[in-house]
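Make a model of the complete structure from these sequences and hints.
Those letters in the sequence shown? Residues 1 to 142, by UniProt numbering.
Since the hints were derived computationally from the structure, they do not count as laboratory data. Please note that a few of the clues may not be correct.
[As the list claims (entries may be wrong)] As a list, the in silico PhoX-like pairs of lysine-lysine whose alpha-carbon atoms are at most 20 Å apart: (1) 122 / 111; (2) 47 / 78; (3) 47 / 32; (4) 69 / 99; (5) 111 / 99.
[Unchecked claim] Restraint ranges, calculated between C-beta atoms of paired labels, are given here: (6) 39 / 107: 41 to 47 Å; (7) 28 / 106: 25 to 31 Å; (8) 132 / 89: 53 to 59 Å; (9) 13 / 134: 53 to 59 Å; (10) 96 / 18: 19 to 25 Å; (11) 76 / 114: 40 to 46 Å; (12) 127 / 28: 51 to 57 Å; (13) 39 / 118: 52 to 58 Å; (14) 123 / 56: 39 to 45 Å.
Here a beta-carbon is modelled for each residue, glycine too, at the ideal position from N, C-alpha and C.
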Amino acid sequence: MDTTQLRIGEIAKIVGVSQRTIRYYEEEGLIKPASVISTGMRLYTEKEVSRLRFINRLRLLGLSIESIKITLGVDKPKPSCKKEAMQRSLNALEVAQQKIEEQVELFNKLKKDNEVALASVKQCVDCLKTSCEDCPQKKHLP
Numbered sequence: 001m002d003t004t005q006l007r008i009g010e011i012a013k014i015v016g017v018s019q020r021t022i023r024y025y026e027e028e029g030l031i032k033p034a035s036v037i038s039t040g041m042r043l044y045t046e047k048e049v050s051r052l053r054f055i056n057r058l059r060l061l062g063l064s065i066e067s068i069k070i071t072l073g074v075d076k077p078k079p080s081c082k083k084e085a086m087q088r089s090l091n092a093l094e095v096a097q098q099k100i101e102e103q104v105e106l107f108n109k110l111k112k113d114n115e116v117a118l119a120s121v122k123q124c125v126d127c128l129k130t131s132c133e134d135c136p137q138k139k140h141l142p
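Below, the structure written as structure tokens:
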């Protein structure tokens with residue numbers, strides 16, 4: 001296992017979030033640095049990078065901080081065994097999968113709606129009428 005330790009700025013750049021976001025996630029109990037040196041500098045390993053990426057994905061999928069806490073079992077005691085830890089991971093991944101499927105469904109609907117509007121507006125580009133008042137394509141114009 002890689003034990004390279006990264007500073008907060010490095011982990012922020014790797015994951016694509018701000019240092020303030022990482023500090024906020026720490027305040028909320030979503031992530032903890034692997035270690036804090038005597039100067040107060042936070043250090044992180046690949047384990048924290050992976051967790052931060054997962055949290056970031058959940059946020060991008062629209063989960064609230066409270067939902068992420070529940071999903072990750074933040075307020076629960078540490079798992080007592082491997083099976084419990086794996087069950088928590090499974091639950092978190094299932095929540096993420098459900099949100100991904102909802103987003104895919106939404107994007108497919110948006111894509112279909114946009115394709116209809118695009119085709120309608122393309123017809124308007126070639127239209128020789130001087131007014132759009134009675135045009136059925138009018139509803140697709142921005």
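Against the earlier hints, flag every one the structure doesn't satisfy and list their numbers going up. Hints that this structure does not satisfy do not exist here, as all of them hold.
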